Amino acid sequence: MAKVKLSEFAMARSGDKGDGSNVGIFVTNEADYEFLKRELTVERVRKHFEKICFGEITRFEAPNILALNFLLRDSLGGGGSESLKTDAQGKTHGLGLLEMEVDR
Amino acid sequence: MRDKINIGYGQGFWGDSILGPVRLVNEGPLDYLALDYLAEVTMSIMQKLKGRNPEAGYATDFVQMLDRTLPAIHEKGIKVIANAGGVNADGCLKAVLDLARKKGIKGLKVGVIEGDDILSRIPELANGGHAMANMDDGRPLSEIQDKLLSANAYIGAFSVAECLAAGAQIVIAGRVTDPALVGGPMIHEFGWSPEDYDKLAASTVAGHIAECGAQCTGGNYTNWRDVKDFVRIGYPVIEGQSDGTFVVTKHEGTGGMVTRNTVVSQLLYEMGDPNRYLGPDCAADFTSAKVEEIGTDRVRVSGVKGAAPTDTYKVSLSYQNGYKAVGQLTVAGPDAIEKAKLCADIVWGRLAFDGCEFTDDEKMVEFVGAGVTHAGILETTEPPEVVMRLGVKSDNKAKVNRFGSEVVPLVTSGPPGVTGFAGGRPKATDIVGYWPALLDKSQVQTRVRVEES
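The listed protein sequences correspond, in order, to chains A and B.
Position 39 of the first sequence, counting from 1, maps to 33 under our numbering, and the rest follow consecutively.
The number in our numbering is simply the position in the second sequence, starting from 1, with 33 added.
These are computed hints drawn from the structure, not numbers from a lab.
Small disclaimer: the values here were computed from a predicted structure and weren't measured.
Backbone N, C-alpha and C fix where the C-beta goes; we use that ideal spot for every residue, glycine too.
Take the hints with a grain of salt, since some may be wrong.
To be verified - With a straight-line cut-off of 27 angstroms between C-alpha atoms, the simulated DSS-like cross-links for lysine-lysine are:
#1 A:Lys45 <-> B:Lys396
#2 A:Lys11 <-> B:Lys81
#3 A:Lys11 <-> B:Lys347
#4 B:Lys142 <-> A:Lys11
#5 B:Lys261 <-> A:Lys(-1)
Stated by the list, open to error - Chain A stretches covered by chain B per the calculated footprint, using a threshold of three residues with CB under 8 angstroms from any CB of chain B:
#6 10 to 18
#7 27 to 36
Start from the sequences and build out the full structure, keeping to the hints where you can.
The following block contains the structure:
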């Protein structure tokens, strides 16, 4: 087993959903998808974004495109025009998730 | 009736590059050109502009784009669908007809879709038992009703198809959904009915993939080093078929790329529950879509399943929710972060000394360069410099402006190495609150009208 970053085998895209963001992450083969589903629990994602997301996190599966979608509530400092943050739309949260290190 | 059409998507948001639509029109075959000019807060900005000038309140970018493309669009017979109408579709119609006359184009048919703007009807609707409580947190509309700036229902694709059927070559809508700009032409050309849920869902998926322009052709793509020629990036073209199957592609010879991975990336953008993506015309199941590469820059999407929509429209209301200001200064090292933290404390301290205090919820401090976008994930302790961003929000405009006057003085009265104040004093700007709600479909009647140059 070695420590690898998710960015070595996965891709992501994120954007805003109200006062929160969505982070979609996907891979290109079934084995990687099974690994992703097993490792990328809501608890793990919550810990990873503990300084960014302050609300509930929900996980959805889209097996047809080998993807997981996470909804992060309260992750934008208000969202839309209310937020004062640089990344008021969560556009960088996907790259943030890909920085996670996992044992493979 | 045709069984195949090409729809280019040339504008992903208000502020996108004019090169998208110009090159879609000039560099390859196209039956339709779809353009999205609206974001959630755009309507409130347009209401304000219209308040000052009754002829304003639509996306002037659209008219500027047509100034460069209308002769080619007219000559090639390309049909244009845009939500550029904002809160004044009629004003936009007049501007487009004026432009056509100026260019000597006769017989251009321009249509508008109206009825999405419900701002003036809110009191009547609220008194009539339509609660329009906040969809996200359940708060009652009465909390913000006296501060409303705009109110629009998200209209579906059938109104776009109706306007095309009325003969319009250019369709100007207000708040239709982004995917409806793609679904409308498909309904019109393929004769789909309101019960063709699978096909409507397929058009929703197609519209979702295309609605951010180059974000499905290599823009904002994780493996960006694989993307060739960002400068000449091609905007998406959807080749739609009457059975709902479609191919995502781009004009030959343009930059960027269309692959399984660029398309899947965009499928995930702003996604909620992928099993049930709710729109005005259907509920689309994104987990049913089969995505496969069938050639260079060609990705086919098939098998999409849909279900009946609900009997409510999503409505988007915006309201005045106080004021904000953000200011920034660059703090050079050594000890950039330590000095930037001191700078922030000095600003809050001097404001408090002068009787101007903000709560923690009203204040924002960022040290850009030290780990802001990836807080807690990727941080650094000794950058050569950082950008200190300070912001406040409050219902008290004078207080927000008082903050704005206390940032720049740091250059001469704080630690050394503070620079980059070229922007001057930050000033208070409006915070536009966003209020999503639901409204019975029976309360919204759309109508279309076509005029000729």
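Q.
Hint check: A:Lys45 vs B:Lys396, CA-CA at most 27 angstroms. Holds or violated?
A. holds (16 angstroms)
Q. Given the hinted pair B:Lys142 and A:Lys11, is their alpha-carbon gap at most 27 angstroms?
A. Violated: B:Lys142 and A:Lys11 sit about 37 angstroms apart, past 27 angstroms.
Q) Within a Cα-Cα threshold of 27 angstroms, do B:Lys261 and A:Lys(-1) meet the stated pairing? A) holds (25 angstroms)
Q: Would you check the hint for A:Lys11 and B:Lys347, treating anything up to 27 angstroms between C-alpha atoms as holding?
A: With a Cα-Cα distance of about 15 angstroms, the restraint between A:Lys11 and B:Lys347 holds, given a limit of 27 angstroms.
Q. Is the straight-line distance between the alpha-carbon of A:Lys11 and that of B:Lys81 27 angstroms or less?
A. Holds. A:Lys11 to B:Lys81 sits at ~25 angstroms (cutoff 27 angstroms).
Q: Quick one: see if chain B covers the stretch 27 to 36 of chain A, three-plus residues with Cβ-Cβ under 8 angstroms.
A: With 0 residues closer than 8 angstroms to chain B, the stretch 27 to 36 of chain A misses the three-residue bar; violated.
Q: With a C-beta cutoff of 8 angstroms, work out whether three or more residues of the stretch 10 to 18 of chain A approach chain B closely enough for the coverage to hold.
A: holds (count 6)
In terms of the numbered hints stated before, the structure departs from hints 4, 7, listed from lowest to highest.
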